[in-house]
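Here the structure of chain A is known, so what remains is to put chain B in place on it, guided by the hints.
Chains as they are written, first to last, in my numbering: chain A, 1 to 606; chain B, 1 to 606.
Worth flagging that the hints you see were computed from the coordinates, not collected in a lab. Don't take every hint at face value.
[Claimed, not checked] Cut-off 20 Å, straight-line C-alpha distance, at most; resulting in silico cross-link-like pairs (EDC-like, lysine to aspartate or glutamate):
| hint | chain 1 | residue 1 | chain 2 | residue 2 |
| --- | --- | --- | --- | --- |
| 1 | A | Lys126 | B | Glu540 |
| 2 | A | Lys70 | B | Glu54 |
| 3 | B | Lys97 | A | Glu142 |
| 4 | B | Lys444 | B | Glu460 |
| 5 | B | Lys34 | A | Glu78 |
| 6 | A | Lys435 | A | Glu486 |
| 7 | A | Lys547 | A | Asp584 |
Number of protein chains: 2
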Amino acid sequence: MKMSRMFMPTLREVPAEAVIASHRLLLRAGMIRKLGNGLFTYLPLGLRSFRKVETIIREEMDAAGALEFKPSVVVPGEIWRESGRWETMGAGMLRIKNRVDQELVVSPTAEEAFTAILRAEVSSYKQLPVAVYQINTKYRDEIRPRYGLMRAREFTMKDAYSFHTDDDSLDETYQAMGAAYRRIFARCGLSVIPVSADSGAMGGTGSEEFMVESEVGDNNLILCPSCGYAANDEKAACAPDPITDGPGSVPATAAVTPIKTPDVRTIDELCDFLKTTSKRFIKTLIYRAVNCELDLSGAPGCATLERIVPGNAAAWYPEAFFAVCIRGDLDVNEVKLAANLKASEVVLASDHDVERLTGAPVGFAGPVGLDALPVLADSSVSDMHDAVTGALAADLHYEHVEPGRDFTPWLTADVRTVVAGDKCPVCQAEFYSKKGNELGHIFKLGYKYTKSMNMLYLDENGKQQHPTMGCYGIGVDRTLASVIEEHHDDDGIIWPMSVAPFQVVIVPIKYEGAMQEAADRLYGELASSGIEVLLDDRSERPGVKFKDMDLIGIPVRIVVGDKNLPNVEVKLRREKDAALVPLDKAAAQVAGIVRSEISAEAGTAS
Amino acid sequence: MKMSRMFMPTLREVPAEAVIASHRLLLRAGMIRKLGNGLFTYLPLGLRSFRKVETIIREEMDAAGALEFKPSVVVPGEIWRESGRWETMGAGMLRIKNRVDQELVVSPTAEEAFTAILRAEVSSYKQLPVAVYQINTKYRDEIRPRYGLMRAREFTMKDAYSFHTDDDSLDETYQAMGAAYRRIFARCGLSVIPVSADSGAMGGTGSEEFMVESEVGDNNLILCPSCGYAANDEKAACAPDPITDGPGSVPATAAVTPIKTPDVRTIDELCDFLKTTSKRFIKTLIYRAVNCELDLSGAPGCATLERIVPGNAAAWYPEAFFAVCIRGDLDVNEVKLAANLKASEVVLASDHDVERLTGAPVGFAGPVGLDALPVLADSSVSDMHDAVTGALAADLHYEHVEPGRDFTPWLTADVRTVVAGDKCPVCQAEFYSKKGNELGHIFKLGYKYTKSMNMLYLDENGKQQHPTMGCYGIGVDRTLASVIEEHHDDDGIIWPMSVAPFQVVIVPIKYEGAMQEAADRLYGELASSGIEVLLDDRSERPGVKFKDMDLIGIPVRIVVGDKNLPNVEVKLRREKDAALVPLDKAAAQVAGIVRSEISAEAGTAS
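Extracted from the complex, chain A is given alone in its bound form:
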């Protein structure tokens, strides 16, 4: 395409709102524009790269045997009521009542839609397994959309789902999807970190996230330099590190003893006061859990809690409180806590609730004698001895507390925030950490939706069964933005060949006379051999053209200048030096470069 026919408004200035490289460069290269808060328009150049990412994803999904569907973007609220998520999805889901009072949702995700679609069609085990997908528009009402395409409100996702008669079949598709994801990201030129989302085990079989490193990533990745263990800190486990020596390493012989601690409010002050370390304390935090799906019917203080029991989905408590105990030097990871409580959200309880439930002001909670709410102990507490805790009264603590002897948690679970420096549970090496953004996620959903939405098939014995289900997502826009994050320099983008908006750009020093003739000839030869070529036919100064071309990052640049003719200058965007090539041979040579780069990218993918 000739640039005079393209619409490519490049910017010299760095837009103030753009913090990260991909946002900055997508705006500067004239690839996207903001239409509203978290709402973007792809301009023609950006759309070309977007479509290439989309096509790579589609090819790999098709190759993995998944079938493409196209459900509507606006879907009936009814199916969200069926799954139970109408209540639990929170305010990020755009709900609408239309003029005839029907509830609608602008899809934030598509489990409900695909379960509803397949439910109506699948009746026999002979139709299973089946894998289906869409590449479609989604909306999530981010409160503070930012970082351009990385965290927008509207975005495009590939959502795949698979339905199976048994776990082996699910595992087969799950593995195939994992392999397809590795190929997709490799073909896009991306270094992804596949992160097990199973806690405690490497190479977990139920969930895998595909992360890219990013300074502004919203995930903390916990990484082992030795054995390759990689996990999101929302899931990461670590080796236990109890006190092995001296005080706190052996069970208390003394009974629990109250000790007055006037004017002591923080753990540090308490350490000073008692002349000990925070590893000796059992910190107790009161949490409020929203939409908890655990069965609390036998838990302390929960007998009269409101519980919602729908016909076909799991029952839940709209609000429940928990005392969470953890070793004093550690932090509670609220995502791990929410997962253990099967809650949609956990937040620290209000001061008022803390006083109501513990009978003491904030700062004096402890598990001994606490019976107004269930106690959840982090695994770190199980290893503690002779500990200090709050004593459920102002200015009072207990010493010589022995877990198991002086209190028994209602539940023990791993809710600790793992950080760099903690030890790998597999090989004991010291973790390091990185920030990352999630590009894709594959996940064994199991029966959650097929049960709540009552999807059934007849098995070989004519018996009705629920299929088990897997889900597999990739953010298309995020993937595109991540390519730029990984491939740019101070001058602009450096596209990998596979997702470049054009593969080659021809820049005549001036578009006139012999240079115009040579440029047109090259353009014709490249275009007719199927190369995507841009011709900079503008009457700008060469410096302006070169700057623009470095900014938009086309992989191969051919400069046609008077003084070099009948040779032209061929330069790769990622390299410093150019080569002089005879005009006669330039098209064939450049086409060869394009083809070999694309097959190299595809090659690393297989």
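Structure of chain B alone, referenced to chain A:
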């Protein structure tokens, strides 16, 4: 693709809700499913055809020099407020307030978005003209969605817009789009009726609708058998047909005379009572106009009407009333009326309003002496003489009413419903009519959006100017459905090659032994020569397979049967007879058929 890997749930039963062929066959062939009211899912087979229509449209838009953008589907309400359509779009537009109280719209159309996008980028006449488009998801909240894809709530449209410095440039793009539209529909195998939407003139230059005939079409097309005049009845004009002979053909000499008409309520009763014909009556209807943009400051009875005067858009009256006079045998076309009143909607006034404004019960309105509201006379009234009208009092009419002498309309306009039997304004031949559905529309918008949204560029003299604008839409789903409406028989769909989900299907009588071998060989040969081929490898009876293949309508069917081998049977879906072809030559011959049909379709398009 092998059918065992496809998801293609065909139905024997005709779904009860499907009235028209395309809806019925899309459901039966397993191409679409309903997800909610007016909300559809494309299944894999349907999506293949959908994408082909999309690709044809994209190719022709690109060839016409339009550039593809991809704005978000959810857009800020702010831009709709700027254009003034936040107020005037009615309840069909889905408006949402998100959790941080921002107004959002699920796009029903894209004039606002594209004007906002281009406004920010275009600053100089050197950047004009520019033509841009999207192929994107839209939503309109139809109260009664029906006829499957023909009138759904969510749908996909191609929306193109062009921006120009002058009318000649706009006209050039408008003509290029008209030509592109003709190619698009021809390539899809569709017979469209291009309909001028300009009243009164053939080959109008401001607006053209592309219609397909449909029993359930929501447009009445007025067609001339002689000169080719074609218009939507919402715009159609006809030759005047005044009384030329006898009473009513000459001006009244007598003065207006009241006449008592007790117990006479209808025009028929009045005709009997006065022993005359309805052509002698001036029928007067009181209409309420919503959001009228005419300037009524000097109109009768309008001095105190509420008028909204925004900063940068046209001022409007939220509510205004008009007395509409028309010859007694004719009907008012409310779309033509609304267009003449520049109103978003017109409805008959309530009985209460009629009495308030005319001082008489319903049935006795008339233009003589009416001063509480403006009188709009249809052009037919200008030709009347010695007429009868209501006399603004119960049981009273006037005779000998002479337009011009006894009353002067505030406005005279063509608001008559033109019907079959009326005469062509160009050649006087008698019109016939058809029902039709609109697939596309090209339209010179002018300055409406560039002025209201204040889009400016600097002209050659450095002066700020608003560009003039054209808009060009095509419904993608509607186009697909219309292909089926035009191409089917009792057994199922008969796809044109260009938009068939697959081009060829191979049906082995049994998928085993020599038949399997031959089928696999053909499949390999066809696939490797780039033909889209489906292999029916199911273990169904041949009759079931044949019925399914007739239903889904693949253009070429190859049957591989034991008794014919080493020959196979090649049959076109649209023909009755099959030909025996040697297996050796079948692939090449069939590939030839596919290619020649596609180039023939493209050929009729150019």
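Hints, verified against the model:
no.: 1; hint: A/Lys126 / B/Glu540; result: 13 Å, holds
no.: 2; hint: A/Lys70 / B/Glu54; result: 13 Å, holds
no.: 3; hint: B/Lys97 / A/Glu142; result: 13 Å, holds
no.: 4; hint: B/Lys444 / B/Glu460; result: 24 Å, violated
no.: 5; hint: B/Lys34 / A/Glu78; result: 14 Å, holds
no.: 6; hint: A/Lys435 / A/Glu486; result: 14 Å, holds
no.: 7; hint: A/Lys547 / A/Asp584; result: 27 Å, violated
In summary, the numbered hints that this structure violates are 4, 7.
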